[in-house]
Amino acid sequence: MFGRLILASALFAGASASAQWLNITTPGIPRTADGKPNLTAPAPSTADGKPDLSGMWAATTEVIDRGPLGPTATPRYWLDLGPGVPGGLPYQPWAGDLRNARFAANSKDHPMTQCLPLSIVLMHSHPLSRKVIQIPGLVGILSEYNMMYRQIFTDGRPLPVDPQPSFNGYSVGKWDRDALVVETIGFKDGLWLDGRGSPSTDAAKVTERFRRVNFGTLEIEITVQDPKAYTRPWSVKVTQSLMADTDLLEFVCLENEKDRPHMAGK
Amino acid sequence: MRIAAVILLAVVPLTAQWLHYPTPGVPRLPNGKPNLGAPAPRTAGHPDLSGIWQLEPVPCGPGANFAGLSGAAVGPGCGGDYGAGREFGNIGARLAGGLPYQPWAAELVKQRSADFGKDDPVAWCKPAGALRLLTFPPYRKIIQTPAVTVILSERDVTFRQILTDGRSLPKDPEPSWNGYSVGKWQADTLVVETVGFRDGTWLDRSGSPMTEAAKVTEKFRRTNFGNLEIEVTVDDPKAYTKPWTVRLHQLLVPDTELLDYYCQDNEKDAVHAVGK
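Sequence order for the protein chains is A and B. For the first sequence, my numbering begins at 1 and goes up steadily by one. For the second sequence, my numbering begins at 1001 and goes up steadily by one.
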């Protein structure tokens, strides 16, 4: 049911009528003899010797039955993080009730239906693509959704002590051998971590381990520690595949937005 | 006043996070202050444009406002968190004779100013477009890599890409707010060409229009550590009688960081925006 409304606007509005720069050849990608990207080549490194996470990334999909949409390729854990966590998400009672109520209401109050930003957890599995930019001291994630970005500081600064709550929170990263370990605090209350409405609170601390296992694959292990909403910390691993020979397009949620009044619960 | 109040005052951060964190790599004077007159840094054989930048603000003082606006005044030019540059109000503020509007465009600007800019896309939380990302009071941050230079805007946590990997401009681009930008280095200047704009973007608070016929050329030159000159040429024969060129002088903002400002969050203003 969620798919009918929200994904209709999120997915189909993002489809571009004509494909611009979608057939350019991305420089720096190793190729097989027939010219195709060699996605199993080793992960690249930056000039300062760190693994280079740069590139266009697509969330790994699986085909699931989406009700009115039928079987549909959908990013894994995009609708529901539960299957990625052994035993399911350990909701506090209020959080489990809230999630169930949101799901029962077709997720009509999802922040995306109001063109609000994604939580950083949801950004990793959004159907619209992401581009990672990496320079010394900073990793940036550019999201096609609303042309938004997120910054991860790798210049050694500490986490802020009393951060002003925000959608992205405040992220600092350190390299642990071949993994970028990112810690984030300072979230706004009331963010949605998946399509069905698993909540997070302002007490959340998120740890992400980014590891580019080969040229074409990025693994992100996400650990959420939010004692207000969950009885214990939990982890989920999402994977992304490199999108070669293409680029980001503009997606502006508020552009000619007509969906919101039609959002209905049961 | 009303709309500018919405746009400007909504960005006031309550507490300053990382706002006093010393930016790594900034040359310092013996007293620890940034040496903004030091030479521009370089990366991969080119000047490095990276840093947080603001459009040179109108100096504070009695009567300071977005000088050069056609018609209605739109708010204070100083005070609050951000000073505003003249080109925020009117991108042609320093052009002798002003912008060379086609007659319909001049009429439109007159009407928009009379309406206090109530239909400004920005007042409706729509994108600002490529050029207004350079004139907004909220800061912008440039990230430069060999293949792409990205401009992150504090306003709406949004970005613009300038591709520098040698690709050519697309032939029949799908119209967009930012357009499609490719850049090439000519000596120490990054020359950026952009096409593929959607119709109906505003270039300033006065409502100077730009059409889908526009081609924009920008020359980015970091003259020293603390100063970035952006020379912008707009060639839009539908809206202007001839191409025009303005210079947007950006000042480095060291030892601070971008904060999230999201227009649509708790947005209650648009319904109150009225014209005359």
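It is worth saying that the hints were derived from the structure and are not from the lab. Since the model is a prediction, treat every value here as computed from it, not as a measurement. There's no promise every hint is true.
To list a few chain B residues with every Cβ distance to chain A over 10 Å, as calculated [unchecked claim]:
hint	residue
1	N1031
2	G1037
3	A1038
4	G1045
5	G1083
6	P1100
7	W1124
8	K1126
9	E1174
10	T1211
11	K1215
12	V1246
13	L1252
14	T1256
15	L1259
16	G1275
The calculated lysine to any residue pairs, modelled on SDA-like cross-linking and capped at a C-alpha distance of 20 Å, are [stated by the list, open to error]:
hint	chain 1	residue 1	chain 2	residue 2
17	B	K1242	B	L1095
18	B	K1171	A	D245
19	A	K237	A	A43
20	B	K1184	A	L254
21	B	K1171	A	S241
22	B	K1171	A	N23
23	B	K1268	A	P111
24	B	K1184	A	K50
25	B	K1268	A	L254
26	A	K174	B	T1023
27	A	K50	B	K1171
28	B	K1268	A	V161
The beta-carbon is built from N, C-alpha and C at its ideal position, and this holds for glycine as well.
Q. Going straight from one Cα to the other, do B/K1268 and A/V161 come out at no more than 20 Å?
A. Given that 20 Å is the threshold and the Cα spacing comes to 31 Å, the pair is violated.
Q) Does B/K1184 pair with A/K50 here, judged by a C-alpha cut-off of 20 Å? A) 27 Å, violated
Q) Hey, A/K50 versus B/K1171, does the alpha-carbon distance stay inside 20 Å? A) 37 Å, violated
Q.
For a C-alpha distance cap of 20 Å, please report whether B/K1171 and A/S241 respect it.
A. Roughly 28 Å between the alpha carbons, so the hint for B/K1171 and A/S241 is violated.
**Q.** Given as non-interface: B/V1246, which should sit over 10 Å from chain A by C-beta
**A.** 25 Å, holds
Q) Within 20 Å, alpha carbon to alpha carbon, are B/K1171 and A/D245? A) 17 Å, holds
Q: Quick one: work out the minimum CB distance from B/T1211 to chain A and report holds if it exceeds 10 Å, violated otherwise.
A: 18 Å, holds
Q: Compute the least Cβ-Cβ separation between B/G1037 and chain A, then decide whether it is above 10 Å.
A: 23 Å, holds
Q) B/G1275: least C-beta distance to chain A exceeds 10 Å? A) 21 Å, holds
Q) B/K1268 and A/P111: Cα distance at most 20 Å? A) Given pair B/K1268, A/P111 holds - Cα atoms ~16 Å apart, limit 20 Å.
Q) Regarding the assertion that B/P1100 does not contact chain A, is the least Cβ-Cβ distance greater than 10 Å? A) 29 Å, holds
Q) Quick one, are B/K1171 and A/N23 close enough, alpha carbons at most 20 Å? A) 12 Å, holds
In summary, the numbered hints that this structure violates are 7, 8, 9, 15, 20, 21, 24, 27 and 28.
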